[in-house]
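Turn these sequences into a full structure, and let the hints steer you where they fit.
To convert a position in the sequence shown, counted from 1, into my numbering, add 1.
Honestly, the hints are just simulated from the structure, not real lab data. Be a bit skeptical, because a hint or two may be false.
[Unchecked claim] Within a straight-line C-alpha distance of at most 25 angstroms, the following computed BS3-like cross-link-like pairs (lysine-lysine) qualify:
#1 Lys232 <-> Lys159
#2 Lys159 <-> Lys239
#3 Lys157 <-> Lys239
#4 Lys232 <-> Lys157
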Amino acid sequence: MTSTDPFAHGPAWHTGTLVGFDLETTGVDTTTDRVVTAAVVYVAPTGEVVRSRHWLLDPGVPIPAAASAVHGVSTQEARGSGMSAGRGVSEIIDELEGAWRSGLPVVIFNAPYDLTLLDAEAARHRLPRLATRPWWPDATVVDPLVIDRGVDRYRKGKRTLGATAEFYRAEARDAHSALGDAAAAVAVARAMAAGHELIARADAPTLHSAQVGWHHDWAVHLQAYLCSRGKLGTVIDKAWPMREPVVGRHRAPEPVARPAVAGGRHRDTRAA
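Structural data, given as structure tokens:
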């Protein structure tokens, strides 16, 4: 009998190894801020971290005190012990490429922040942009923040990683360390699968496509709300898992090849 379940096409996304990814940075501007630390963790279905990589980079600019207060890395430490930013960014992208080419979903809490900033760093160091790489159209991302908004839009309370982990009773340790947050994102994602049957049934490509739509809907509603409050100058980017490329002081001037809908799942086909 052929299944008519739109979320049941292949193996469920959460039943195998999941890869967690997180950046800690110099600030919150995805165009101008820099990577300070990064982590990629491979988590088995049992919850055991079976492999991990961690990077400390010298961002090439002073780390603001406010950022150091969050992740604990000072300018002095980064300059003394960090690898060159260009080398670090290249290694981070290569590690993610390996995961995606192996067919593993990468879990990123608030993916548009981390991926857009990483993409800007690639351009800054004259590396190929993420969207121009041949594996990008088929890369699958799991974003617990987007899933939470999609399945429980009106839930009260904060939606930070820590608050979301607490709500779903997922283990979260070493907050604001790249390793801790990458592992926590995976734990939250698996807890969401345990708590939502629809999410649990999906295969990775189907869940990825659903998140494109959920993020788009959230952005449209937030944009309308801000406009109703007179905040006409704030624009909410509807793209997921990476924001639309912006040409600027640190951005590559060449046009970016966008994955076609037929060849990938990163674009929403609906009108903005």
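Earlier hints that do not hold, by number:
Nothing - there is no hint that the structure violates, so all of them hold.
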